[in-house]
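For reference, the chains in residue letters:
There are 2 protein chains.
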Amino acid sequence: MTAAAPSTATHAEMASAIRFLSMDAIEKAKSGHPGMPMGMADVATILFTRFLKFDAKSPKWADRDRFVLSAGHGSMLLYALGYLTGYDDLDIEQIKNFRQLGYRTAGHPEFGHVSNADTTTGPLGQGITNAVGFALAEAMQAARYGAGISNHYTYVVAGDGCLMEGISQEAITLAGHLKLNKMIVLWDDNHICIDGDTALSTSDDQCARFAAAGWATAKIDGHDPEQIAAAIAAARNADKPTLIACRTVIGKGAPNKCGSEKVHGAPLGADEIKAARDAANWPYEPFVIPEHVLNAWRVAGTRATDERADWQARVDALAPAAKAAFNRTQEGRLPDGWQAAVQAFKAKISAEQPKVATRKASQDALEVLTAAIPEMIGGSADLTHSNLTNTKACAPSIAAGAFAGRYIHYGIREHGMAAVMNGLALHGGFIPYGGTFLIFANYLWPALRMSALMEQRVLYVLTHDSIGLGEDGPTHQPIETIAALRATPNTLVFRPADAVETMEAYEVALLNHKGPSCFALSRQNLPTLRTTHNADNLTAKGAYVLSEADGKRQVTLLATGSEVSMALEAQKLLAAKGVAAAVVSMPCWELFDQQSKEYRAEVLGEGCVRVAVEALSTFGWERYVGLDGAVIGMTGFGASAPADKLYAHFGITADAVADAALARL
Amino acid sequence: MTAAAPSTATHAEMASAIRFLSMDAIEKAKSGHPGMPMGMADVATILFTRFLKFDAKSPKWADRDRFVLSAGHGSMLLYALGYLTGYDDLDIEQIKNFRQLGYRTAGHPEFGHVSNADTTTGPLGQGITNAVGFALAEAMQAARYGAGISNHYTYVVAGDGCLMEGISQEAITLAGHLKLNKMIVLWDDNHICIDGDTALSTSDDQCARFAAAGWATAKIDGHDPEQIAAAIAAARNADKPTLIACRTVIGKGAPNKCGSEKVHGAPLGADEIKAARDAANWPYEPFVIPEHVLNAWRVAGTRATDERADWQARVDALAPAAKAAFNRTQEGRLPDGWQAAVQAFKAKISAEQPKVATRKASQDALEVLTAAIPEMIGGSADLTHSNLTNTKACAPSIAAGAFAGRYIHYGIREHGMAAVMNGLALHGGFIPYGGTFLIFANYLWPALRMSALMEQRVLYVLTHDSIGLGEDGPTHQPIETIAALRATPNTLVFRPADAVETMEAYEVALLNHKGPSCFALSRQNLPTLRTTHNADNLTAKGAYVLSEADGKRQVTLLATGSEVSMALEAQKLLAAKGVAAAVVSMPCWELFDQQSKEYRAEVLGEGCVRVAVEALSTFGWERYVGLDGAVIGMTGFGASAPADKLYAHFGITADAVADAALARL
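Those protein sequence lines, which keep their order, are chains A and B.
First residue of the first sequence? That's 1 in full-length UniProt numbering, and the numbers climb one at a time after it.
First residue of the second sequence? That's 1 in full-length UniProt numbering, and the numbers climb one at a time after it.
I should point out that these hints are in silico values taken from the structure, not numbers from a laboratory.
Treat each hint with caution, since some may be false.
When chains are identical, the list treats them as one kind, so a pair holds in a single copy or across two.
Below, in silico cross-link-like pairs of lysine to aspartate or glutamate (DMTMM-like), each with a Cα-Cα straight-line distance of 25 Å or less [as the list claims (entries may be wrong)]:
1) 645 / 91
2) 60 / 602
3) 240 / 205
4) 262 / 364
5) 179 / 205
6) 597 / 352
7) 240 / 197
8) 360 / 331
Note that this is a predicted model, so its numbers are computed, not measured.
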């Protein structure tokens with residue numbers, strides 16, 4: 001992999017190809033970020049022509065090196081590399097239509113749009129943290145299938161922005177702690193941020209910072225091919241992850257504008273591009289790459305063809321069970337038989353009718369599921385004993401040099417956990433779940449958004465899901481969080497009412513390939529409400545009539561999670577006054593909204609008085625209760641006291657639910 | 001300040017007083033976190049008896065040292081110190097009713113509940129970042145009024161959790177960059193996190209990390225009084241901020257359980273507390289502090305009485321203008337005359353009717369406001385030229401050793417920016433505003449929640465507020481963000497339609513002392529809609545009829561921000577079909593919800609068909625359009641293309657608005 005420099009074109013020409021495609025595409029789009037692709041063109045050229053293991057004709061090869069453009073605004077670097085090395089979905093028309101509707105070449109690289117984007121980047125710090133997930137997945141795959149099957153590097157191009165974002169600290173400390181030595185960060189050390197010189201806002205010694213987190217570091221001239229090559233070669237042999245500080249000139253190649261924030265995020269203009277062509281001796285028309293240069297790049301795109309064939313042969317030679325497991329998990333298919341375990345669990349719960357917190361029900365469900373589905377990887381942001389996310393099947397915990405286990409101690413790094421889980425899911429082979437308190441979903445929300453945008457099967461176990469957590473008080477009581485999660489596209493938000501619904505929620509989440517799922521789970525014990533076993537997954541409908549009215553329905557009581565049993569109490573209070581009310585359990589709004597109009601009308605009860613109850617922000621419930629209904633919930637922050645006292649204090653009670661209904665009859 | 005050790009009680013006894021109050025209160029509450037208060041009792045005793053400048057009888061003294069318990073779960077440390085040193089609002093009944101409804105002693109320290117909480121802590125990493133704001137405010141006050149008026153330290157007690165959270169990196173790099181040498185962090189280096197040994201999840205060399213960010217560092221035995229005192233004394237003389245790694249035993253004093261995660265977050269139990277009493281030779285009943293120990297602590301609480309009197313004399317001796325400005329800004333009162341500038345601006349806009357983006361209108365408004373209100377402090381998370389947050393009055397920018405300016409380059413640290421702004425606001429004397437893209441409010445949301453929970457006047461300038469940002473694509477187009485902000489209690493979310501509404505929004509925000517305000521501002525140009533000057537602040541009503549129907553109203557079109565002009569177009573389309581529609585501009589839901597029922601009915605139009613349009617998530621709009629109305633907006637993620645193409649692609653057009661109304665007539 002380290003030899004085979006191209007023979008027919010010079011390094012300068014190959015780097016110029018990146019620079020001029022970037023300049024020309026951004027100029028034509030009248031928007032974009034030329035500074036980074038131009039500044040990092042030399043580094044990328046060395047990496048892609050001498051080191052990166054990839055096959056442009058097989059973009060999803062499982063054992064390819066991953067390349068993460070964490071500084072996603074420099075998307076033209078990725079698109080130029082994709083076109084030059086010969087990816088089928090990145091022809092010159094895509095480059096010419098950068099940032100245009102209906103083309104794959106979006107302003108920032110979008111996973112699923114272009115096949116050479118291993119992850120979506122742009123929100124700074126996400127990519128470098130996804131990369132920790134990639135590197136971790138690689139090590140975990142190697143522990144399972146051997147180094148012949150999983151043996152790839154994860155390269156990251158990161159800018160100052162990525163390293164200034166707090167999430168980067170969570171990433172690098174976790175990578176250093178786990179000694180993910182196949183992770184290599186190429187830092188575009190150009191001394192420029194958007195406001196101007198980075199000295200406006202930072203004085204960090206980045207190499208010292210990374211070293212403090214257990215990384216190897218190097219400083220190089222990011223325009224010197226041999227320094228670049230030597231640093232990468234050394235990094236590949238390090239026993240730790242490596243940071244390579246590549247001192248570059250932003251917008252290198254733009255003779256008048258380079259080295260300034262002016263080239264960061266705006267087209268260079270025709271005059272400057274002409275000057276750049278003159279300076280680089282690049283007489284070609286816009287979007288034209290001379291044949292000898294393109295050929296050299298295309299050769300780079302096929303360097304690993306043989307290596308890939310050898311790898312495939314090794315996969316084919318795996319023992320049948322290992323081979324089947326590898327292929328199955330790569331394709332994201334679940335193992336046979338797991339749903340039988342789901343049914344058995346549900347039947348057992350309905351029979352035994354335990355009174356348990358849904359966080360405990362979640363643990364019981366996870367015990368069953370992790371035993372049946374070996375690709376599930378658990379973890380928690382240092383709340384294992386509270387989230388109840390660990391299971392027997394997940395032992396032992398992951399540690400440096402010990403990657404056969406299935407449980408990750410993410411540390412007090414919620415945001416990092418979520419972005420690492422995105423990397424694990426994107427890498428292939430694993431289904432990650434991770435726990436924290438629901439309130440701390442606020443901390444990880446930007447990464448959860450990326451799970452949703454990339455449609456990744458990531459499971460968020462969010463316990464202590466209301467004022468029901470009690471004494472920890474307002475700082476720890478989620479109010480607005482659930483509304484935010486529900487407003488996030490592609491995201492399923494479950495708030496199960498009992499252990500049966502909890503397992504059903506997991507079943508839906510595991511079957512859903514179109515995005516993440518969140519489980520809002522109680523700290524406090526709740527009765528089993530689904531006391532008759534039903535093989536159908538009622539939670540999959542989003543909402544259903546848990547208890548129909550006795551007589552012609554006058555009132556519909558809508559509730560989720562810990563408040564469903566309260567709604568059942570209210571139903572009794574109303575019945576005592578001769579009012580016929582139905583109770584609807586509504587564990588997942590998004591799924592309910594996907595049901596037929598008829599089903600929704602039947603569940604909600606046309607013409608009925610509707611009262612919703614949920615011990616969280618009332619925001620959004622008008623979708624179901626309309627202008628005339630009532631919502632019993634929180635409109636301000638919580639307080640510190642035992643949970644029962646808080647429910648009474650905030651007027652979230654069966655009496656309040658019943659009274660709200662009576663007032664509307 | 002450094003002498004005057006207590007003469008009548010030993011250090012061990014004084015520290016024991018903290019430990020036993022913590023043990024007893026947590027035991028009585030049956031919940032809480034004894035590990036940290038017990039582990040840090042020695043450090044706190046030295047700090048509070050020898051160094052901390054405070055006067056228990058004057059908790060809001062402007063020049064007091066700030067004390068931030070960043071590891072807020074250790075709240076009993078703060079409450080014990082407050083009781084022991086003699087704060088009037090922290091009597092023994094408060095200690096005995098720790099974590100109970102109606103008492104100030106919440107599970108985590110809540111600003112505004114107990115007078116010795118300089119900030120609310122508990123969500124990890126927030127406190128240490130607030131502290132950067134405190135230290136910065138101190139330096140800025142000193143630059144304005146002299147060291148005789150502002151000369152105090154900011155001490156932080158931080159745990160491993162605070163240092164693992166990403167926001168801590170944003171905090172320490174900013175503090176190091178600005179050389180905030182009066183910031184001193186006492187790290188409770190106890191090697192224990194909730195899951196167990198910190199070695200489960202981290203291997204950082206914290207001192208090296210802080211040094212890389214420009215901090216001085218020291219390592220001490222956190223139970224050795226003289227080492228503690230020497231380290232604090234050295235830190236006070238450093239020319240950089242200082243980290244003191246205090247090696248402690250978590251739960252020190254609990255003979256059997258100390259040094260383990262078991263003492264972190266649960267009561268010790270009667271047996272262990274008895275064993276602790278025996279081991280410490282502390283024969284006193286629960287909640288009883290012997291007189292000689294309490295007296296010694298009470299002496300510590302009055303150590304700075306004379307110093308405070310001297311300081312008051314210096315304030316009284318300030319030149320009249322400076323004295324007036326100091327007192328006014330400390331009290332949070334705005335200067336005379338600023339609202340005349342608001343009126344002049346509004347009149348000018350209505351007359352000139354510019355077509356400008358609301359981000360530009362915001363800049364124009366800020367030019368006026370920052371000139372009139374010298375305590376406004378601007379900044380941006382490295383998007384100054386996009387957020388348009390800088391003004392002439394704010395120059396020059398803040399830099400190390402140069403604190404007279406009024407503009408902060410926060411760097412690419414949105415979360416840190418928000419938490420630093422909380423510190424600036426809490427400190428007193430300043431009104432911070434800071435800019436980023438609306439989508440990156442996701443990154444700063446946990447700190448914005450703290451602005452809201454603490455009811456702080458912090459202004460969030462959130463530009464590029466929809467798919468109208470265009471080519472940057474889905475990663476940068478907010479969808480769900482505005483719903484989350486609207487669901488957050490105590491938060492005003494403005495989405496102004498033109499320059500007049502923009503200024504009106506700022507006026508409301510500056511007059512609001514009960515929480516933060518967010519301004520969602522367009523990238524793209526918008527016409528002036530308020531073309532007739534009105535001295536009344538219509539935005540203060542939250543929503544108002546911008547254009548009444550011609551004839552009896554059949555349709556109400558509700559819109560915010562950039563879509564208000566679209567609603568006006570739709571109104572014309574409907575008029576052409578003989579349908580009388582009114583257009584309601586709805587810049588702030590929260591304010592509208594506070595209006596009288598009659599006003600709301602009048603604006604919304606009882607019995608009218610209602611259609612809302614907003615180029616963001618449709619989530620929540622049913623509150624106004626009900627079950628039968630329509631909401632034109634986004635239900636999925638955006639795309640990368642010029643803005644006008646995106647509006648058409650996603651069906652957010654005047655035609656679509658008109659059609660939705662017609663379909664419902």
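Status of each hint after checking the structure:
1. 645 / 91: between (64 Å within a copy, 23 Å between copies)
2. 60 / 602: Classified as neither: same-chain Cα gap 45 Å, cross-chain 59 Å, threshold 25 Å.
3. 240 / 205: both (19 Å within a copy, 15 Å between copies)
4. 262 / 364: between (56 Å within a copy, 23 Å between copies)
5. 179 / 205: For residue 179 and residue 205, both the intra-copy (21 Å) and inter-copy (14 Å) Cα distances are at most 25 Å.
6. 597 / 352: For residue 597 and residue 352, the Cα distance exceeds 25 Å both inside one copy (36 Å) and across copies (50 Å).
7. 240 / 197: For residue 240 and residue 197, only the inter-copy Cα distance (22 Å) is at most 25 Å; the intra-copy one is 31 Å.
8. 360 / 331: Neither, since 31 Å and 49 Å both go past 25 Å.
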